[in-house]
Amino acid sequence: MALSLGLSTVQRLAANVLDMSLSRSLCALTISTRRDISTSSAAAIAVSHPLCAEPLKKKKRIDPAVVRAREERRRRKLEKAIRRLEKSSRQLKPLAEMELPREVRAELSERRRPARPLTTEEANERFDLMKEWTRHRREQHVADVAVLRRIQESRAKALRELRAESFQLYCAAIEEDPGLVPWAHSGPTLTPPIDGYDAPDGDYVDTTRRWE
Amino acid sequence: MRLTWCSRRLLLGGFQFSCRTLSQAARAEPAPSAGQAGPWHLYTAVCLQRLPVVAPPLSEMERRFTALLRQLEFERSLKSSHEIRHEMDIATAEALRASEGDDPDLAEAASLQTAADFEDACAEELAGFEPAPTVTEADRAGDQRSLQRRLSSRLVLVVQQRLGAGTSWMLPQGRHQDGATLRQVGRGAAGDTPRQTAEQTLQAMVGPNVNAQFLGNAPWGFYKYKYPKPLQQESGAIGGKVFFYKAVLRGGPVEPVADRVADHRWLTAAELGGQLRSGYRRAVHRLLIDHD
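Quick mapping for you: the protein sequence lines, in order, are chains A and B. Just so we're aligned: the first sequence equals residues 1 to 212 in full-length UniProt numbering. Just so we're aligned: the second sequence equals residues 1 to 292 in full-length UniProt numbering.
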């Protein structure tokens with residue numbers, strides 16, 4: 001608090017009012033300990049010029065062990081907080097589609113189907129069909145790989161011939177095409193789109209729970 | 001499709017091989033080849049494809065296996081709420097019959113819409129929806145100029161291009177003009193890259209409004225042919241080297257330009273043999289997927 005005291009004001013104030021708060025002011029107060037012989041009743045109180053600064057507090061020496069202990073405590077607290085947040089992200093979030101709903105779980109016994117045992121013929125049929133399917137899929141895959149290889153070789157040949165023809169055109173041809181990625185295509189559907197189809201009203205509202 | 005380890009090696013080995021050779025080749029300019037009898041004209045051709053719109057019908061094997069999977073899924077499943085409701089409806093009806101209509105609660109419960117009624121109502125609603133047919137009129141008429149034909153296959157655009165006096169059935173093809181001086185790689189004031197030539201060719205043949213997405217800067221196929229003798233002397237070149245570029249039709253009208261193209265067809269890979277000459281067809285077929 002900035003006090004601009006005139007000397008007369010100081011003389012009027014009692015000594016006990018002028019407490020330590022004055023030391024925080026811009027002015028320093030001095031009270032001489034010696035009582036000189038004077039004719040006036042006032043104590044020898046004087047106010048210095050405004051200092052515009054506070055004398056610096058004396059820095060107490062802290063034990064380095066204490067300092068280290070404080071740092072350690074602060075670091076441990078932060079790490080604990082980080083671990084707590086990470087634990088939440090490490091937990092696997094439940095997938096609503098993979099769990100049975102509560103109501104179904106409650107009446108599980110009523111929901112079970114009666115187990116119908118398979119006859120030997122049926123079991124053999126199923127086994128044979130699965131074997132046939134595996135064979136069929138493998139043949140399809142081998143055919144796919146052959147087709148892809150053929151196309152790849154055709155392209156390699158085209159690039160070889162282009163290089164033999166003109167090196168500069170070849171360099172242009174092997175540059176990356178930035179427009180190619182990302183590639184998006186809506187794949188084939190079961191039935192073709194209907195021209196001018198007026199879809200009935202309705203909206204999908206996504207109610208998936210999200211965890212951060 | 002799951003790749004077995006040997007087929008994965010085949011594919012990846014092939015890719016790595018070509019990537020390595022590409023990067024090596026890119027670093028080293030080839031020595032000028034000796035013994036070139038004369039220049040060849042360069043052409044770019046465009047293999048414009050309409051991708052399948054509809055999935056092909058299931059084969060016999062697929063149908064049988066789908067039926068087995070459905071059966072297994074049913075056997076391993078729990079009853080749905082709809083089934084439970086249906087069973088309870090049956091029980092209610094039985095109880096009502098046993099009590100001979102005395103119990104008013106049972107009567108009320110039985111008068112609500114049953115699960116069977118609900119199913120019937122749903123079936124009726126579904127029957128009211130008429131999906132578009134997968135076999136279209138164009139299929140029945142055999143109209144090869146239509147894009148609505150063979151919806152489960154890929155169709156390739158083949159044009160009857162005017163060459164000099166006559167015409168020839170081929171993929172849309174255009175001459176690649178080299179710039180006189182190509183300071184930059186493949187580009188210059190007068191020069192285009194082959195891909196740009198291909199795009200310009202396509203627009204020149206089928207109109208500027210076609211929306212085609214080209215698959216990369218590199219050509220996919222190669223075909224070489226010699227000019228007849230008079231044309232060789234006239235043009236000073238032995239023949240032409242054609243580089244095929246693939247493109248996917250994304251939309252937009254395909255309007256063949258009359259003074260370049262006399263006629264056009266959209267053909268499947270199997271039908272190409274009927275239109276194209278055998279050597280040319282072989283070159284084109286090598287870069288096509290021909291399952292369908």
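Treat the hints as calculated values from the structure; they're not laboratory data. In this text, all values refer to a predicted model and were calculated from it rather than measured experimentally. Where a beta carbon is used, it is the ideal one built from N, C-alpha and C, also for glycine. Please note that the accuracy of each hint is not assured.
[Claimed, not checked] Which residues of chain B face chain A? A partial, calculated answer using Cβ under 7 angstroms:
(1) A55
(2) F65
(3) T66
(4) A67
(5) P131
(6) V135
(7) A138
(8) G221
(9) F222
(10) K226
(11) Y227
(12) P230
(13) Q275
(14) R286
[What the hints assert, rightly or not] Away from chain A, derived, C-beta distances all over 10 angstroms, residues of chain B:
(15) S99
(16) Q113
(17) T136
(18) A283
A quick look at each hint next to the structure:
no.: 1; hint: A55; in the structure: holds (4 angstroms)
no.: 2; hint: F65; in the structure: holds (5 angstroms)
no.: 3; hint: T66; in the structure: violated (10 angstroms)
no.: 4; hint: A67; in the structure: violated (9 angstroms)
no.: 5; hint: P131; in the structure: holds (4 angstroms)
no.: 6; hint: V135; in the structure: violated (10 angstroms)
no.: 7; hint: A138; in the structure: violated (11 angstroms)
no.: 8; hint: G221; in the structure: holds (5 angstroms)
no.: 9; hint: F222; in the structure: holds (4 angstroms)
no.: 10; hint: K226; in the structure: violated (15 angstroms)
no.: 11; hint: Y227; in the structure: violated (16 angstroms)
no.: 12; hint: P230; in the structure: violated (24 angstroms)
no.: 13; hint: Q275; in the structure: violated (20 angstroms)
no.: 14; hint: R286; in the structure: holds (4 angstroms)
no.: 15; hint: S99; in the structure: holds (23 angstroms)
no.: 16; hint: Q113; in the structure: holds (21 angstroms)
no.: 17; hint: T136; in the structure: violated (8 angstroms)
no.: 18; hint: A283; in the structure: violated (8 angstroms)
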